[in-house]
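Read off the chains here:
Protein chains: 2
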Amino acid sequence: MAFDRLITKIAQTQNPTVAGLDPKLAFIPSYIKEECFAKYGKTLEGAAAALLEFNKGLIDALCDIVPAVKPQAAYYEMYGWQGVKALHDTIAYAQEKGMFVITDGKRNDIGATMEAYATAHLGEVEVEGETFAPFGADALTVNGYLGTDGIKPLLKVCNEKDAGIFVLVKTSNPSSGELQDRELADGDTIYRAMGKMCESWGEELPGKYGYSGVGAVVGATYPAQLEELRAAMPHTFFLVPGYGAQGGAADDVAPAFDKRGLGAIVNSSRGIMCAWQKEGCDEHEYAAAARREAIRMRDAIREAIVGRVGRIMLENV
Amino acid sequence: MAFDRLITKIAQTQNPTVAGLDPKLAFIPSYIKEECFAKYGKTLEGAAAALLEFNKGLIDALCDIVPAVKPQAAYYEMYGWQGVKALHDTIAYAQEKGMFVITDGKRNDIGATMEAYATAHLGEVEVEGETFAPFGADALTVNGYLGTDGIKPLLKVCNEKDAGIFVLVKTSNPSSGELQDRELADGDTIYRAMGKMCESWGEELPGKYGYSGVGAVVGATYPAQLEELRAAMPHTFFLVPGYGAQGGAADDVAPAFDKRGLGAIVNSSRGIMCAWQKEGCDEHEYAAAARREAIRMRDAIREAIVGRVGRIMLENV
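Protein chains in written order, with the numbering used here: chain A, 41 to 357; chain B, 41 to 357.
With the rest of the complex left out, here is chain A (with noise of 0.2 Å):
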């Protein structure tokens, strides 16, 4: 089960967070651009081109130090096709260099479409006889609104793909509350209603640490929130979104972990990838930057987890 393997690197690395890469080319050390615009012109192949060569430097750093990467499906679409397939080679790479990878997509559709998206983004597409995985990430992100049917064609390739998904339950953003809040007339929250339904749907795909492969999304910026359902969802893995940047903090996050010290992962997207700009460093030293960064993190959200549960996390996994 594709959360097990997650959580096998998170104790290997003794690190449960996640790096973002939303790269955005403001964030690009200029060295980077000036080559890609003078290979591919000023123009979205060379735009994509600066992308994957800041992700590819960012992923060298930090590829033995955290166990995974969030690449955001949004800032490669803002880049055309050409920002696509550079989605596409940075999934690839980060695998190649032993990262498990989360697509950020937040997909959502009705049956037969949603089961297109699943096959793009986890799976593999059959083109007369031979077979392609379009986007082949280990886990995807989605959204519920559509409910079960939404769902289960993506826990069909998950099982066959060892695949995962996260379901948005309670977002990291100011306005999240506005409809996820609402209180249900059964006396429930909609985000609570939805946390349900991630425990039910995750039934399909048992995982040996007793997390199944449907994760949920819960923001950092909710601690209270985090701490609610952690113990409501005891079967359901967070990725939590909303350090650093956002204004989540180590001890905001560490209600997101269980006695044992595991349950979740942690992300930080512009903390990481803007480490150089926040430092002040030069700026070919961005990719050092964001190792400094993502082990100041790691360090951070290990000593708030210790903090919470009097343990050292995973030392038993």
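Misleading hints may appear alongside valid ones.
Note that the list lumps identical chains together, so a pair holds whenever it fits in one copy or between two copies.
What the hints assert, rightly or not - Taking lysine-lysine and the PhoX-like style, the derived pairs with C-alpha atoms no more than 25 Å apart in a straight line are:
(1) Lys192 - Lys64
(2) Lys201 - Lys82
(3) Lys49 - Lys201
(4) Lys64 - Lys201
(5) Lys196 - Lys49
(6) Lys96 - Lys64
Quick caveat, the hints were computed from the structure, so don't treat them as lab data.
Could you slot chain B onto chain A? The hints should help.
Here is chain B on its own, set in the frame of chain A:
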């Protein structure tokens, strides 16, 4: 405002329907596939070429009688970045032929990332002083689960680029009710609450026919909800999927229209794309068969609207 343009096109063609372009290889005539595989191999590139060729034939056959097309992103992503290039080329070709293009992507994310999606699908991106429209559709379907700050960046781009959005309210799939029909503590349902948010977001993009640039997706398979929402959302233009292959009939979609016979556009994907297979005609006639089905659909829906509101649709626009 984008939906003013769409409504004008609907009036010109006297046809409130949109052809869904959800091409799978199984829907495409052999002669097209053979030609493309001969040229590009049995590869994702070959498959993508076949998708585009198939779409171009449909667009040529439909562009004078159908106002809009709705390519579904999933079916292009399923064939990798090569398929996504075919999505780009399909959008450009349909617009060249005068059609309004709705990209069905159901995108959603937090503010900063939603900006990237808005730029990708509706706007323009800057690369070192040069601007490019990465996909350049006229409208995009989106999912509002994240609340207002996942929608605001779209409104900005819609305003600048004369584009529109359709927010998922009540989807056409069998399990849509699992979450969307849940009753809230205040007596509303979730889909009604989402509908109210659409009305409120739409205030920023008013249109001359009374409909804003924030539309809603409401499925043909739930005619009672269509009627209820038409009354509750007087400024929100509806995109109605679920006609034909999913089971919605002309009488089911009639409640989506207001007393003027305006207010909605009804989608058919497989019904039109696969008309040649259903008719059992020669595969070389696939585009003519699509046109015949598009005319049948147009006439059935016009008749149902006249039957319901007692007048010819759009006569005074």
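Hints and how they fare:
Proximity of Lys192 and Lys64 under a CA criterion of 25 Å is satisfied inter-copy only: 20 Å between copies versus 34 Å inside one chain copy. For a Cα distance limit of 25 Å, the shortest separation of Lys201 from Lys82 across copies, 22 Å, qualifies, whereas the shortest one inside one copy, 38 Å, does not. Within a single copy, Lys49 and Lys201 get their C-alpha atoms as close as 18 Å, which meets the 25 Å cut-off; across copies the closest is 45 Å, which misses it. For a Cα distance limit of 25 Å, the shortest separation of Lys64 from Lys201 across copies, 21 Å, qualifies, whereas the shortest one inside one copy, 31 Å, does not.
Proximity of Lys196 to Lys49 under the C-alpha cut-off of 25 Å is restricted to the intra-copy arrangement: shortest distance 24 Å within a copy versus 41 Å between copies. In this assembly of identical chains, the alpha carbons of Lys96 and Lys64 lie at most 25 Å apart only when taken from the same copy (14 Å versus 33 Å across copies).
Violated hints are absent here; each numbered hint is respected by the structure.
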